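Could you put together the complete structure from these sequences and hints?
First to last, the protein sequences are chains Z and V. Under our numbering, the first sequence has 69 at position 69, and the numbering climbs by one with no breaks. So the mapping is simple: our numbering equals the position in the second sequence, first residue as 1, plus 1000.
One should not assume that every hint holds.
Taking lysine-lysine pairs in the DSBU-like style, the calculated list, with each CA pair at most 35 Å apart, reads [unchecked claim]:
#1 V:K1141 - Z:K40
#2 Z:K51 - V:K1086
#3 Z:K104 - V:K1214
#4 Z:K115 - V:K1120
#5 V:K1131 - V:K1105
#6 V:K1207 - Z:K104
#7 Z:K51 - V:K1057
#8 Z:K60 - V:K1207
#9 V:K1141 - Z:K104
#10 V:K1120 - Z:K49
#11 Z:K24 - V:K1119
#12 V:K1120 - Z:K40
#13 V:K1207 - Z:K49
#14 Z:K64 - V:K1105
#15 V:K1139 - Z:K40
#16 V:K1214 - Z:K24
#17 Z:K82 - V:K1214
#18 V:K1120 - Z:K24
#19 V:K1207 - Z:K40
#20 Z:K82 - V:K1105
#21 Z:K51 - V:K1119
#22 V:K1141 - Z:K115
#23 V:K1105 - Z:K40
#24 V:K1214 - Z:K64
#25 Z:K51 - V:K1105
#26 V:K1119 - Z:K115
#27 Z:K115 - V:K1105
#28 Z:K82 - V:K1057
#29 V:K1139 - Z:K49
Partial chain Z-side listing against chain V, Cβ under 10 Å, derived [what the hints assert, rightly or not]:
#30 M25
#31 S32
#32 E39
#33 K49
#34 H50
#35 A59
#36 N65
#37 P69
#38 P70
#39 A74
#40 Y78
The set of hints was computed from the structure by calculation and includes no laboratory data. Because the structure is a prediction, the values reported are computed rather than measured. Glycine included, each C-beta is placed from N, C-alpha and C at the ideal position.
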Amino acid sequence: MKRKSFLFAVILACIYFAGCAPQKMYYFGNYSQTLYTFEKNQNEESLLKHKQELERVIAKSEVKNLPVPPGIYAELGYINLKANSSREAIRLFQVESQLYPESKHLMDRLIQIAKAKEAPESNLPDLSASKNTISKGTR
Amino acid sequence: MKKNNYLIFGILMVLSISACAPTMSTKLAEFPLMYEEQPASILILPPMNESTAADAKEYYSTTIQEPLAFSGYYTFPYPITADILKMEGIYDSELLVNMPLAKFKEYFGADAVLFTSIKKWDLSYMVLASKLTVSIDCKLKSTTSDQTLWEYTGTVVVDLSGGDTGGGVAGLIAKAIITAVNSAMADYVPYARQANYRALASMPLGKYHAQHNKDQNVQFIDQTPKKDKTE
Chain Z
1 MKRKSFLFAV
11 ILACIYFAGC
21 APQKMYYFGN
31 YSQTLYTFEK
41 NQNEESLLKH
51 KQELERVIAK
61 SEVKNLPVPP
71 GIYAELGYIN
81 LKANSSREAI
91 RLFQVESQLY
101 PESKHLMDRL
111 IQIAKAKEAP
121 ESNLPDLSAS
131 KNTISKGTR
Chain V
1001 MKKNNYLIFG
1011 ILMVLSISAC
1021 APTMSTKLAE
1031 FPLMYEEQPA
1041 SILILPPMNE
1051 STAADAKEYY
1061 STTIQEPLAF
1071 SGYYTFPYPI
1081 TADILKMEGI
1091 YDSELLVNMP
1101 LAKFKEYFGA
1111 DAVLFTSIKK
1121 WDLSYMVLAS
1131 KLTVSIDCKL
1141 KSTTSDQTLW
1151 EYTGTVVVDL
1161 SGGDTGGGVA
1171 GLIAKAIITA
1181 VNSAMADYVP
1191 YARQANYRAL
1201 ASMPLGKYHA
1211 QHNKDQNVQF
1221 IDQTPKKDKT
1231 E
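This is the structure in C-alpha cells:
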C-alpha cells in the first residue's frame, strides 16, 4: 500500500514538474539591467559594461547550447559600427541575419551603412544617406 | 442528516466560487487575427509616457524585449530601432501614432508594431512600506492589414518593502530604513520585467516558441478592454 502511494506521488511529481519546468529558450543574463544603466547615463563606462554583457550573453548561450537571443548580435554590431569598427559590425549584422531571417531587411540596411562608413569621418551612421527615408508620408 | 449538510455546504461552495470566478477567455477566441496573420517579427515603438514618472519610459523600454523574445517572436533590437526613429525625427510618440503602419514594414521589415502607453507608474511611499503601481496599455498592430492583433490593459502592483525584520521598535525602524533604501535605489528593472511578463501572458506564442500554434485553447483572465473592436 505504502509503495503504491509512493509511486503515485512520484508520478504526480513528474507531471507537476513537466508542466511547470520553464522552457529555457534563451539566456539574457543582465541584459536589461546594463541596457537600462546605459540609457540612463550615456557614457563610456556604461556603454562598455553593456557591450561586455552582450559578449557575455553570446558566450554563455554557446556554453548552454542555446540560440543567442534576437537582437544581441545586431546590438553588438551597432556598437561596433558607432565605434567605427565597420568590418566587425558587418560580420555581426550578417550573423544576426542568418540566425533570424526576420531581421534580414534591417540588417541589409545596416550593412549598407557600415560599408559606406568604411572610409569614415563622422561618429554616427548617416541614415539619411540610405535610400528610403521613413518620415515621408502621412496616413 | 449529516450527509445532507455536506451536500448543502458543497452546493454553497460551488455557487460562491462560480460567482467569484473571473471571466476567462481563450487566446483563439480573443485574438483570432494573431493566428490568421502569424506575425513573426515585432517592432517595439518608444512607449508613450502618460505617467508622472520620468524614468518610466526607460524602465519599460529596456525590459520589454526579453519577455517578447521568450514569447517566441523576433524582436528588433530596441536601442537600434529607437536610434533610427530618433534620427528620422519621429521618436516623439505623437508622430509615431500618425505614421502609416506600412512604413514600418518598408523600413524595418516588421510584421507588427507594439504600441504602449504607460498610464501609471506610481511609487506610493509610506513610512513602513512602499508600493509600485504600474498600469499599461499595449496594442500590437499589423503592418500589412493595419488591424489590432492583440491588446492588453492592466495594472500590476509590486510591494517594494523589505522582508520581515522581526518585531519591536528596532524592527520597525529597520524596516523603514530598508524601504527608504529600496526606494532610493529605484531599481525597478526586475519589477518592470514582472509587469511585462504579466501583460504578455495572453499573447499567442510566436514561431520560435515550442508551443507556437498549439496554444489556441489556453485560457487566461480576460482583461482586454471591452469595446468595439473596429479600430
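Each hint tested on the structure:
1. As the CA atoms of K1141 of chain V and K40 of chain Z are separated by approximately 29 Å, the hinted pair is consistent with the 35 Å bound.
2. At most 35 Å may separate the alpha-carbon atoms for a hinted pair to count; K51 of chain Z and K1086 of chain V meet this at roughly 21 Å.
3. Simply put, K104 of chain Z and K1214 of chain V have alpha-carbon atoms about 27 Å apart, close enough for the 35 Å limit, and the pair holds.
4. A distance of roughly 44 Å separates the Cα atoms of K115 of chain Z and K1120 of chain V; the hinted pair therefore is violated under the 35 Å criterion.
5. Between K1131 of chain V and K1105 of chain V the alpha-carbon distance is near 40 Å, which puts this suggested pair outside the 35 Å criterion.
6. Distance restraint check for K1207 of chain V and K104 of chain Z: the Cα-Cα separation of roughly 16 Å lies within the 35 Å cut-off, and the hinted pair is therefore satisfied.
7. The suggested pairing of K51 of chain Z with K1057 of chain V holds, with an alpha-carbon distance near 22 Å, which does not exceed 35 Å.
8. The suggested pairing of K60 of chain Z with K1207 of chain V holds, with an alpha-carbon distance near 23 Å, which does not exceed 35 Å.
9. With a C-alpha separation of about 21 Å, the suggested pairing of K1141 of chain V with K104 of chain Z holds against the 35 Å cut-off.
10. Taking the CA atoms of K1120 of chain V and K49 of chain Z, the gap is near 30 Å; set against the 35 Å cutoff, the hint holds.
11. Straight-line distance between C-alpha atoms of K24 of chain Z and K1119 of chain V comes to about 32 Å, which keeps the hinted pair within the 35 Å bound.
12. Restraint check for K1120 of chain V and K40 of chain Z: the C-alpha separation of about 20 Å stays at or below 35 Å, so the hint holds.
13. A hinted pair counts as satisfied when its Cα atoms are at most 35 Å apart, and K1207 of chain V with K49 of chain Z qualifies at roughly 31 Å.
14. Among the hinted pairs, K64 of chain Z with K1105 of chain V is consistent with the structure: their alpha-carbon atoms are about 34 Å apart, no more than 35 Å.
15. Annotation: proposed proximity of K1139 of chain V to K40 of chain Z holds, straight-line Cα distance about 26 Å (limit 35 Å).
16. Taking the CA atoms of K1214 of chain V and K24 of chain Z, the gap is near 18 Å; set against the 35 Å cutoff, the hint holds.
17. Distance hint between K82 of chain Z and K1214 of chain V is unfulfilled; the C-alpha atoms sit about 42 Å from each other, more than 35 Å.
18. Note on K1120 of chain V and K24 of chain Z: the hinted pairing holds, with a Cα-Cα distance of about 32 Å set against a maximum of 35 Å.
19. Taking the CA atoms of K1207 of chain V and K40 of chain Z, the gap is about 33 Å. The hint holds against a cut of 35 Å.
20. Between K82 of chain Z and K1105 of chain V, the direct Cα distance comes to roughly 25 Å. Compliance with the 35 Å bound is thereby established for this hinted pair.
21. With a C-alpha separation of about 32 Å, the suggested pair K51 of chain Z and K1119 of chain V falls inside the 35 Å cut-off, and the hint holds.
22. Restraint check for K1141 of chain V and K115 of chain Z: the C-alpha separation of about 33 Å stays at or below 35 Å, so the hint holds.
23. Among the hinted pairs, K1105 of chain V with K40 of chain Z is consistent with the structure: their alpha-carbon atoms are about 29 Å apart, no more than 35 Å.
24. Taking the CA atoms of K1214 of chain V and K64 of chain Z, the gap is near 26 Å; set against the 35 Å cutoff, the hint holds.
25. For the given pair, K51 of chain Z sits about 28 Å from K1105 of chain V by alpha-carbon distance, which is consistent with the 35 Å threshold.
26. A distance of roughly 42 Å separates the Cα atoms of K1119 of chain V and K115 of chain Z; the hinted pair therefore is violated under the 35 Å criterion.
27. For the proposed pair K115 of chain Z and K1105 of chain V, the alpha carbon gap of about 23 Å is at most 35 Å, so the pair holds.
28. Restraint check for K82 of chain Z and K1057 of chain V: satisfied, since their Cα atoms lie roughly 24 Å apart, inside the 35 Å limit.
29. For the proposed pair K1139 of chain V and K49 of chain Z, the alpha carbon gap of about 32 Å is at most 35 Å, so the pair holds.
30. Checking M25 of chain Z against chain V: minimum C-beta separation of about 6 Å stays under 10 Å; hint holds.
31. A cut of 10 Å between beta carbons decides the hint on S32 of chain Z: the least distance to chain V is about 5 Å, and the hint holds.
32. With its C-beta approaching chain V no nearer than about 5 Å, E39 of chain Z sits inside the 10 Å limit, and its interface hint holds.
33. Because the smallest distance between the Cβ of K49 of chain Z and any Cβ of chain V comes to about 13 Å, over 10 Å, the interface hint for this residue is violated.
34. About 9 Å separates the beta-carbon of H50 of chain Z from the nearest beta-carbon of chain V, less than 10 Å, and the hint is met.
35. With a least beta-carbon distance of about 18 Å to chain V, the hint placing A59 of chain Z at the interface is violated under the 10 Å criterion.
36. Contact between N65 of chain Z and chain V, as hinted, is not supported at the beta carbon level, the nearest pair being about 16 Å apart and thus beyond 10 Å.
37. Residue-level restraint check for P69 of chain Z holds (minimum Cβ-Cβ distance to chain V is 5 Å; threshold 10 Å).
38. For P70 of chain Z, the shortest C-beta to C-beta distance to chain V is roughly 5 Å, which falls under 10 Å, so the interface hint holds.
39. The criterion of a C-beta within 10 Å of any C-beta in chain V is met by A74 of chain Z, whose closest approach is roughly 5 Å, and the hint holds.
40. Checking Y78 of chain Z against chain V: minimum C-beta separation of about 5 Å stays under 10 Å; hint holds.
In this structure, the hints that do not hold are numbers 4, 5, 17, 26, 33, 35 and 36, in rising order.
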